[in-house]
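Colleague: Chains A and B, in that order, are what the protein sequence lines are.
For what it's worth, UniProt numbering labels the leading residue of the first sequence as 1, then goes sequentially.
For what it's worth, UniProt numbering labels the leading residue of the second sequence as 1, then goes sequentially.
Warning: the hint list may mix true and false statements.
Computed beta-carbon distance windows for the label pairs [stated by the list, open to error]: (1) G87/B - P264/A: 18 to 26 Å; (2) R12/A - R157/B: 20 to 28 Å; (3) S220/A - T175/B: 40 to 48 Å.
If the Cβ cut is set under 8 Å, some of the chain A residues that face chain B in the computed set are [as the list claims (entries may be wrong)]: (4) L46; (5) P75; (6) R79; (7) G102; (8) S105.
Keep in mind that the hints were calculated from the coordinates and are not lab data.
A quick note: this is a predicted structure, and the numbers were derived from the prediction, not measured.
Using N, Cα and C, we set each Cβ at its ideal position, and we do this for glycine too.
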Amino acid sequence: MSALVELRVADRDVDVAFEIGDGETVALLGPNGAGKSTTLAALGGLLRPDTGRILLDGEVLTSAGLAGPDRWVPPHARRTALLAQDPLLFPHLSVLENVAFGPRSTGAGRRDAHRTAEHWLSEVDAADLAGRRPSELSGGQAQRVAVARALAADPRLLLLDEPMAALDIAVAPALRTLLRRVLADRSAVIVTHHVLDALLLADRVVVLEDGRVAEQGPTSEVLARPRSGFAARFAGLNLVAGTATPDGVRRDDGLVLHGTAGDPHPVPDADAVAVFRPSAVAVHREPPGGSPRNALRVTVTELEPLGDVIRVRAGELAADVTVASVTELGLAPGVPVTFVVKATEVDVYAR
Amino acid sequence: MSRTRHVGLPRWLFVPALLAGVFVVLPVAAMTTRIAWSDFPSLVTSDAARSALWLSLRTSSASTLLCLVLGIPLATVLARSEARWLGVLRSLVLLPLVLPPVVGGIALLSAFGRQGLLGHDLELLGIRIAFTTTAVVLAQTFVSLPFLVVSLEGALRTAGERYDVVAASLGARPTTVLRRVTLPLVLPGLASGAVLAFARSLGEFGATITFAGSLEGTTRTLPLLIYNLRVTDADAAVAMSLLLVVVAVLVIGLVRPRGAL
């Protein structure tokens, strides 16, 4: 099933448009308040946009403020099953009855519904939980049952709202693997804050910032060559936006970052970004003199352990240094430092 | 379930707490000292007593049923709908809680009495309500409905809409959501609301005597009988009172262990 989404919600200042290809999983990324939940709610029919339309396989689910009569298909008739952060299994029903709820609600007989439920429970390796009450399940088990329940409703579009966020770190990988399997050829939208979800589950990502689509594209492309600040942070890269110069990017404050032009080729004086890895950044207490390299005067805002290195954050920028250098340089929040990065390590491309 | 208490209570708190308990229990206990126990069995099994008790149980059951039929939809609409005028309706529904019951009785007479707003037309159709058993049920429903609505609306608000949203996304129509998800989730609140309504109906006096009168076998419920006997036969009145206490305790005791009363 393919879908087309165009919506504007004035009081939340959201104005987004994107498509979901047939069998494609799209990850909605963005900071809190960027409009991800609003978009998901509009897809599920829980929120009516001021203007816009949502088409699912050619059928108009929502149409408002456009030519022709307004149309709004109620949530229960959309076949857009929702999987939320919390499993929200109906506490008064057994696991089997929970999973059978969708088929039962859409007219299947008790026996058929139970057969469907058993099928989906075994699909998520939870067949042995059928007779239990939701209160007798662990968080990971409950979320697996919730996945089965959503799939048993035979949705045309699956809406996932941070499905792993409430789970223990120990059980999240197993659910991610399960979702990867069941989402393989299904149309789905997943809201997530986790880069692994995007990498493993999403074919494409749509990055929202301040209620607008900041960028969108195939997951690997966006994460490797981000053009928005959020996507760069999400992918763990540094990004400096500005206008293109013959061999770099000039930030609004006049700072020029030299780099290597990449694809899409920057057009002089047009918007461009310079992107570099935190591990390519060297941190100095004093600005190194007379060097042609890129030097950024910044103030350390945060130190964060990351595997065997310490990530030094300075506002939007980050550098990875060893534990030894942190003590050697006396790094701490509030300390002014210079980030130095070689021009060969900086990719410059059009925004 | 563990019963760890993390913060100790101030010890002096137990004094007023105990005092409150005594304040409620003492008068009821004192009543038992005034009972002529030798006559008790015959007093509570007299025709008048049996007929009043039976009428009380019948009318209270009927009014509780009526409260459920009317109150469940009202509480659901109040808890879930966002329409502005509902705020006004919510306040008005609470009116019977703050009105003196006798005022409620006069209000009911104004609506359903022979000369009343609707009563006049009903009379022409050959339907008379005032001073019938139906009037008893209506009076009890009038004063009891807020108990059910407030209790259920609170439970619905606490339960929230998240389960309803998931149920709808799985394809359940609004009626299915209400029947299979919303109401089952608030069953304890619904049960305690129904018990409160029943208990309030059982004790109803002012609206009943005003709107339905005190006709033996038709409208003289147990509280009305007690009030009648209070002057003429004090011993019988005290015996009936104890009977009413026992019935009330039974009603609360039956439901309380399961529900959240």
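Colleague: Now look at each hint and say whether the structure bears it out.
Modeller: These are the hints, each one checked on the structure:
A beta carbon spacing of about 56 Å between G87/B and P264/A contradicts the range 18 to 26 Å that was offered as a hint. Between R12/A and R157/B the beta carbons are some 24 Å apart, a value that agrees with the proposed interval 20 to 28 Å. Hint check: S220/A to T175/B, Cβ distance near 46 Å, so the stated range 40 to 48 Å holds. For L46/A, the interface hint holds, the least distance from its beta-carbon to any beta-carbon of chain B being 6 Å, beneath 8 Å.
About 4 Å separates the beta-carbon of P75/A from the nearest beta-carbon of chain B, less than 8 Å, and the hint is met. Because the smallest distance between the Cβ of R79/A and any Cβ of chain B comes to about 7 Å, under 8 Å, the interface hint for this residue holds. Taking 8 Å as the C-beta contact cut-off toward chain B, the hint placing G102/A at the interface holds, the least distance being around 4 Å. Of the supplied interface hints, the one on S105/A holds, with its beta-carbon coming within about 4 Å of a beta-carbon of chain B, less than 8 Å.
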